[in-house]
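These protein sequence lines map, in sequence, to chains R and B.
The first sequence begins at 1 in our numbering and counts up one residue at a time.
The second sequence begins at 1 in our numbering and counts up one residue at a time.
Read the hints as simulated data drawn from the structure, not as lab findings.
Hints may contain errors.
[Claimed, not checked] Derived pair list, reagent style DMTMM-like, types lysine to aspartate or glutamate, alpha-carbon separation capped at 20 Å:
{"no.": "1", "chain 1": "B", "residue 1": "Lys126", "chain 2": "B", "residue 2": "Asp186"}
{"no.": "2", "chain 1": "B", "residue 1": "Lys77", "chain 2": "R", "residue 2": "Asp133"}
{"no.": "3", "chain 1": "R", "residue 1": "Lys326", "chain 2": "R", "residue 2": "Glu122"}
{"no.": "4", "chain 1": "R", "residue 1": "Lys326", "chain 2": "B", "residue 2": "Asp186"}
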Amino acid sequence: MLLVVFKTLLLTKTRLLVYPVLVLAVLGWLSLVGLGLVNSLLWLYEGVLGVSEGLVITSRGFSPLTALVHYSEIESRLSNISDIVVEYYLVTPVLVNGELVILKSTNASVNLSSNCVLVGVELARELGVTSGDYMLVSSVFTGEVYCLEICGYTSGYVLEAPYDLVARIRGVTPGYYSYVVVRGSSEALSRVIEALGGRPGEFRLAGLITVVLTRIGDNRTRALLYRALTEAYITNFGLQRDYVLYFAYTVIVAGVLGSLILGLDVTRRVRSVLGVFRLMGVSKRALTVVTTLLGLTVSSVAYSTSLLLYMHLEFFTLSVLGYTLKPILTLEVALLVFSALTLLHTLGLLLGVYREVE
Amino acid sequence: MRQFLVVTSTLLVTAIRRGLYTTLLVSVLAPVLLLVVLFSIPSTSSLELSYLDMSRHVLVITSSSSSGNCHSARLVKGFVTANTSTLSTHVLLVRVELSELEISGKRYNYTSGVVLPREVFTSLGKPSVVEITVNSTTREYPVAGSWSSNIVLLADSELEFNPEIYVCTSSQSSILVGLLERLEGDLLRTTGFWILLLSLVYLPIIYTAQRRVVEALHVNFRVLTESGVDSLTLYFSTLTALVALYLVVVLYVCALGVVLVYTAWSLLSYFILIPPPTLRTSVLTLLLVEILLGVLVTPLASRGVSKCY
């Protein structure tokens, strides 16, 4: 019987259901994009610096562009640990034609002559420079102008140069780095965290972990562990990653509140059909089940359309330091938006059944 | 006119007494509340940056003269000769008196002169005067000092060249503030666009909510028609009552948003150090657009009122 009612509703009122499906689809797409952009902002430095896994060691600061750790401090703690690969990086902001760009030291495996620089493909396109050209960059820290020869290309919206040149532009003596990336097995990373003074049990040793070293004595440091590199820095602005996420989730749930009204409207439009079924002896409970099924169907179709829109439309991007942030969709975000849409829409339908059918 | 006013007020009072504004309230809650909340994020100007030492000036290279602190410049290849040694290097020619530039936090009291890369300065035996050869023209200049850069800076107000670039002086603080302002602008622009699209998506929802109000008033329409109110007056009265109700609801949600933002900030500031929220005038523009869009669907929602019963 339930199936007959459901089928009749779907077949006789298909045109009525197209309207909420379309509105819910766009609403879902906007919510996915909104939360995706918040997510990408919370992973800003990971994207800009190209760090996606391993253990990142840095010091306390407002950004990796200002934080500094000394080679000896890290080396003395990690020298006894085997099966790990350690990469040291120094990054600094520079001005190119008045625009702020990130200059990063190259990986040790890349050999470049002293005044050579690799330009990110996107950046090179924007600046209109090619290999063999010279470019003038200004150091934000020393205030001086440097002439760099473009020797090749790299990925992203950054400049890459040999460590000595970056250190000179940053205005630091050799040995200082912005962050250190340690790669290895879970056991090895666990030993690294212990050697740095942290408790490895605090985090699952997968993906990315950030360790912030804070000096608390002459030769003593305290290690603070974070789940993301950006989180470690925004904490200094009084912003907790979780609070930002909760705020964003609230915004998105508030954003799809309108689906409640759409649910109420659909019930009002199908009330005559539901009334006929009631006269035929279908119980109110059965109608509630059918309406819930209808809500789930409408929401699922709308949400699938939202996902398709999300994948094929690139309307929303955010530009930070010339780096274009695209929304990042996580399973958590996808489930939250689907739940909010479905719950509110079905709630509207059920309220409608409760108010209209009798 | 009197009949119009009486009918409008009757419809308005009935809608309020029967709580029909609830549906309208839910329909405008998301676009209006989110507009107020998202556009109240703290402004970068409210951030306390005075504790950062950013007094140093930075020589910024630009392709256009953006401010009064910019001087014509050109990068050329040249030779530096001193004590019988000659070195090939890049020379940045700047058409300005050297004393007007702040280089590495220092000012040099020279009308014209050069600042040499530290290695060049040392390898030439720390000379006080050098010969600079650029475009087969050689001229003697006093050495003002050295810097960690890899180019020679030659500043002279009488230099003759076709400028390709400009050397501007900006303080570190103005660069940081500029960056933060640009970030804030980018964030607000994206948020504004998102809100605008959300408002457009909410138009059918607002229409549905308004239509529900109209349909809930069908008994009143029948009574009013039977009392001799013509269909045109009924239509315009319904339209006016709906617009008034919509405006009141939007303003209420807007005020609610402001109160929420400031209450949340007052509570949070007890626990963490956060800058105060900033109410921006751009909220008003977007709010007006939202009101206008909502009012535009009201004639559609009010149609056929005389046939409602």
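For each hint, the structure was consulted:
Note on B:Lys126 and B:Asp186: the hinted pairing is violated, with a Cα-Cα distance of about 49 Å set against a maximum of 20 Å. A hinted pair counts as satisfied when its Cα atoms are at most 20 Å apart, and B:Lys77 with R:Asp133 qualifies at roughly 13 Å. A C-alpha spacing of about 15 Å is found between R:Lys326 and R:Glu122, which places the hinted pair at or below 20 Å, so the restraint holds. Our distance criterion of 20 Å between C-alpha atoms is met by R:Lys326 and B:Asp186, whose separation comes to about 13 Å.
When held up to the earlier numbered hints, the structure conflicts with hint 1 and nothing else.
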